[in-house]
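For the record, the sequence lines run as chains Z and D.
The first sequence maps to residues 78 to 194 in the working numbering.
The second sequence maps to residues 33 to 151 in the working numbering.
Hints in this document: simulated from the structure, not taken from any laboratory.
Quick reminder that beta carbons are idealized off the backbone N, C-alpha and C, glycines included.
One should not assume that every hint holds.
Quick list of the computed label-pair ranges, beta carbon to beta carbon [claimed, not checked]: (1) D:Glu58 <-> Z:Thr84: 35 to 41 Å; (2) D:Leu150 <-> Z:Arg190: 23 to 29 Å; (3) Z:Gln94 <-> D:Asn54: 37 to 43 Å; (4) Z:Asn105 <-> D:Ala77: 15 to 21 Å; (5) D:Gly49 <-> Z:Lys86: 32 to 38 Å; (6) Z:Met104 <-> D:Asp111: 29 to 35 Å; (7) D:Lys100 <-> Z:Phe87: 39 to 45 Å; (8) Z:Ser157 <-> D:Gln41: 31 to 37 Å; (9) Z:Thr192 <-> D:Asn54: 30 to 36 Å.
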Amino acid sequence: NAGVTQTPKFQVLKTGQSMTLQCAQDMNHEYMSWYRQDPGMGLRLIHYSVGAGITDQGEVPNGYNVSRSTTEDFPLRLLSAAPSQTSVYFCASSYSPTSGSTYNEQFFGPGTRLTVL
Amino acid sequence: QQQVKQSPQSLIVQKGGISIINCAYENTAFDYFPWYQQFPGKGPALLIAIRPDVSEKKEGRFTISFNKSAKQFSLHIMDSQPGDSATYFCAASTGAGLISSGSARQLTFGSGTQLTVLP
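Let's have the full structure, built from the sequences with the hints guiding it.
This is the structure:
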């Protein structure tokens, strides 16, 4: 299993440009999410999905769109990039715990470092 | 509003020493408290987690201590090693880690602690 994969690893955009950050997982996890990581602020949830066709907003959704057409893929779209969106973006996935399990673990991808000029 | 406050921001420990990272939370609905470890250039990975029905959980050199009345929990790394040098994040969620609904799986993270263990 490749786990959670993200592309690209690095990206530089100009203000106003749009782009899509790709995320895929091969673990058949139904829950997927996007976080951004900024210095001194930890990881903040942008959007999440509990299954194909179902998405919802997290803590910081403005300026981002998501869709979930398949279980495997969960792309994050920046509609009109702004310098405030300069960050490291992480995609994560998790499964429903089976009976007797005590927690569900979120598996993170390697991240995409985005710079908006 | 930061619901999970983490301290210190950075920590330097000698090899063999004890590393202690503290977190405090505000939302009394939180009932699942994981710690994630992140190495440079990598995504975070689950290290250890606790639910509030116990006051302590130990896995190898890593221990979580939990104080429900004070709404605080901490990570202790015994016999710290240079390989432990990483950023550590505490987190919290509702649903005890068992509920499949999206809102219950949302993790609220602390701001992170950069740990350096000197050889």
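We went through each hint and held it up to the structure:
| no. | hint | in the structure |
| --- | --- | --- |
| 1 | D:Glu58 <-> Z:Thr84: 35 to 41 Å | holds, 37 Å |
| 2 | D:Leu150 <-> Z:Arg190: 23 to 29 Å | holds, 28 Å |
| 3 | Z:Gln94 <-> D:Asn54: 37 to 43 Å | holds, 41 Å |
| 4 | Z:Asn105 <-> D:Ala77: 15 to 21 Å | holds, 20 Å |
| 5 | D:Gly49 <-> Z:Lys86: 32 to 38 Å | holds, 35 Å |
| 6 | Z:Met104 <-> D:Asp111: 29 to 35 Å | holds, 33 Å |
| 7 | D:Lys100 <-> Z:Phe87: 39 to 45 Å | holds, 43 Å |
| 8 | Z:Ser157 <-> D:Gln41: 31 to 37 Å | holds, 33 Å |
| 9 | Z:Thr192 <-> D:Asn54: 30 to 36 Å | holds, 33 Å |
Violated hints are absent here; each numbered hint is respected by the structure.
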